[in-house]
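*Asks:* Single-letter residue listing:
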Amino acid sequence: MWALLKGGRVIDPANSIDKIADVLIEDGRIAGVGKQVNCSENDGLEVYDVSGMIVAPGFVDMHVHLREPGAEHKETIKSGAAAAAAGGFTTILAMPNTDPAADSKPVIEYVICRGAETGINVLACGAMTKDMAGQEMAELGDMAEAGASAVSDDGYPIQNSLVMRRVMEYASMLGLPVLTHCEDKSLTADAVMNEGIASTVAGLRGMPAAAEVSMVYRNILLAELTGCKLHIQHVSCAGSVEAIRDAKKHGVMVTCETCPQYFTLTDEALAQYDTNAKMNPPLRTKTDVEAIKAGLADGTIDAIATDHAPHSLEDKEVEMTNAAFGIVGLETALSLTISQLVEPGILTLAQAVEKLSSAPARILGLERGTLSVGSPADIVIFDPSAEVTVDASQFKSKGRNTPFNGWTLKGKAQAVIASGRLVSGSFAVQSEKCSTRKD
Amino acid sequence: MDKLERKDILGLQDMSQSEIQLILDTAVSMKEILARPVKKVPTLRGKTICTLFYEPSTRTRTSFEMAAKTLSADVTSISTVGSSIAKGESFKDTLLTLQAMGIDAFIIRHQAGGAPYFAAQTVRGSVINAGDGMHEHPSQGLLDMLTILEEKGRLEGLVVTIVGDILHSRVARSNLWGLTKMGATVRLAGPKTLLPLEIEKLPVEVYTDVDAAIEGADVVNVLRIQLERMNSGFFPSIREYARMFGINKERLRRAKPDVTVMHPGPMNRGIEITPDVADGEFAVITDQVTNGVAVRMALLYLLLGGSGNVGTA
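Chains as they are written, first to last, in the numbering used here: chain A, 1 to 439; chain H, 1 to 313.
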């Protein structure tokens with residue numbers, strides 16, 4: 001693709017760019033960002049009019065569950081990647097809780113191989129321990145060699161502090177970011193939602209926020225001890241935000257993400273036993289939602305990820321206690337971010353773009369998430385004011401498990417380009433086609 | 001109000017004062033039927049009721065069956081053991097299968113809070129919650145209120161103290177919603193480990209000192225300590241529980257002189273309640289059982305029978 005995206009508002013947080021400009025793509029890479037990159041006589045250059053649109057780095061979701069191998073009825077790498085592209089994401093990091101778990105080189109290679117067929121950038125995250133059992137360290141070096149981008153214990157948090165310490169030490173030697181799901185399982189046994197007045201009234205077992213916060217503190221202390229690159233996954237409560245803010249202030253190398261559900265919904269969403277509001281960490285309280293927003297605004301929370309967790313209907317059309325945890329998120333993240341954070345003025349559009357692209361790319365050490373000249377042409381062209389009504393039946397994902405079905409939101413990805421190729425959507429107007437090139 | 005404008009009875013939290021009043025009034029006329037020599041009216045003839053129990057139960061299930069049979073409904077009973085549930089059939093499929101057989105009302109007990117909500121959305125027929133996890137047990141709440149009403153002639157202005165394992169108790173939750181809607185003051189008392197988090201945000205008074213909670217109470221409702229809680233670290237020993245939270249004669253002296261003592265059963269005599277109190281002059285525990293049948297008749301009648309004279313139909 002040799003193309004010019006003309007007249008859009010270019011937001012490239014990594015280079016502090018937010019202005020009307022043209023973006024030139026050549027051989028799958030960004031070839032230029034500027035005013036009136038001249039095209040009139042350029043040979044074979046396709047020119048697209050994207051005025052009125054935002055042109056931003058393709059989004060990076062550092063937290064998705066693609067279910068392959070093992071649960072292809074819920075999602076495949078292909079369907080998950082299609083959902084990602086539809087939502088504006090050009091890079092996704094696949095969590096290792098597959099079957100078999102991504103705890104060895106062959107599984108990592110498999111995910112990367114299948115990912116390469118999708119058109120977008122599918123990264124693999126290795127398990128910290130064998131079979132994600134939290135006991136013996138997995139072959140992290142082998143997986144790093146195979147191309148694993150990070151390690152995580154997501155879904156099966158390591159309880160034993162010594163095991164976590166060793167994993168952190170070993171991962172830091174390999175330069176791998178350590179992504180942790182923070183939960184003290186002894187405080188959350190059989191629980192299905194946040195513990196508080198809502199669980200008390202619903203008569204459902206609750207997990208206290210303390211179960212998350214205590215492990216956030218533990219992992220911060222161990223990161224300080226080991227010097228690893230710690231990243232806290234899906235921060236859901238006020239206590240975690242406070243812990244991370246404090247750690248950052250004291251110079252600990254820690255980053256974190258939250259997900260749209262945690263700045264949008266509270267545990268009241270479970271009052272009528274909607275299993276699509278069941279997730280882990282659970283939806284918390286209004287106070288927590290406010291703290292998450294404050295953490296996003298002041299930079300404590302670096303990134304927005306989705307924790308995209310597709311499930312089949314039969315996993316959710318059951319009693320609350322038997323229902324699977326998790327919701328899909330790739331196709332609603334952009335519009336929830338705009339509607340819940342940008343429209344009310346909590347984040348600027350540029351800050352929102354940063355948390356969806358350059359920040360997660362930086363945490364994972366990628367050359368993506370930016371429109372810098374020479375970097376891969378991963379671009380999302382979106383309309384922040386386009387109204388969308390969420391219709392789960394139209395998702396590219398196989399998962400329909402969203403609590404946002406029927407919501408009317410703002411913000412829609414119109415076209416998504418990954419490594420210079422159009423992977424989703426289309427351009428509304430093709431203004432002109434040049435015949436010769438002039439530099 | 002002379003009709004219930006609802007398909008299901010899922011809990012007392014979402015029920016209005018006038019609905020509760022209607023059910024209690026109807027239960028009083030039902031009780032009259034139970035006092036007759038021939039305890040049968042044809043009101044629900046041709047209706048089919050299914051009790052679907054995912055948890056063991058003696059009194060609630062029998063009580064619903066008695067209520068249905070007294071109203072001449074046909075009753076079929078399904079429990080986890082010996083049904084397709086044991087073969088792994090999903091709750092949804094079990095419900096749809098029963099619906100296809102023409103069940104008019106489902107009486108559901110389930111260990112999962114909210115399961116009756118799921119059922120109510122799945123089937124066209126009525127669903128009555130016969131106890132769901134730690135959530136609600138509306139017919140128990142109603143029969144407790146009927147019993148208090150019989151003893152005291154009113155609910156408004158009374159002080160009702162509920163003692164014991166509040167955390168796991170659906171009886172406590174249904175009682176607190178029902179009683180507070182009817183104008184009573186509800187006090188909840190138990191060890192801190194068995195009081196659910198943030199319970200004080202509800203319109204109740206919360207105590208860990210049972211003596212203080214009983215002071216001046218009109219009614220003391222004693223909850224069962226379930227055997228499986230006894231060894232899960234909620235309290236150090238049965239001995240200590242009985243000493244600190246058990247209801248005995250001496251402790252009961254702090255209540256009003258005409259205090260009414262209730263227990264939803266089954267009782268652990270000597271643990272949460274001493275035998276002399278359970279069998280004593282203030283206890284109305286067997287009246288609760290009788291009232292349970294009357295209340296459940298009222299629920300079935302109001303949901304399925306709709307109109308018509310109960311006495312002569």
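These aren't lab readings, by the way, just hints derived from the structure by calculation.
The beta carbon of each residue, even a glycine, is placed where N, CA and C say it ideally should be.
Check each hint, because a few of them may be wrong.
To give a feel for the contact side, a few chain H residues facing chain A, derived at Cβ under 8 angstroms [as the list claims (entries may be wrong)]:
hint : residue
1    : 134
2    : 135
3    : 265
27 angstroms max Cα-Cα, derived DSS-like pairs, lysine-lysine [said to hold, decoys possible]:
hint : chain 1 : residue 1 : chain 2 : residue 2
4    : A       : 316       : H       : 39
5    : H       : 7         : A       : 316
6    : H       : 69        : H       : 39
7    : A       : 316       : A       : 249
*Asks:* Each hint should be assessed against the structure and marked as holding or not.
*Replies:* To see whether the hints hold, each was checked on the structure:
1. 134: holds, 4 angstroms
2. 135: holds, 3 angstroms
3. 265: This interface hint is violated because 20 angstroms lies over the 8 angstroms limit.
4. A:316 <-> H:39: violated, 44 angstroms
5. H:7 <-> A:316: holds, 24 angstroms
6. H:69 <-> H:39: holds, 9 angstroms
7. A:316 <-> A:249: Violated, at about 41 angstroms.
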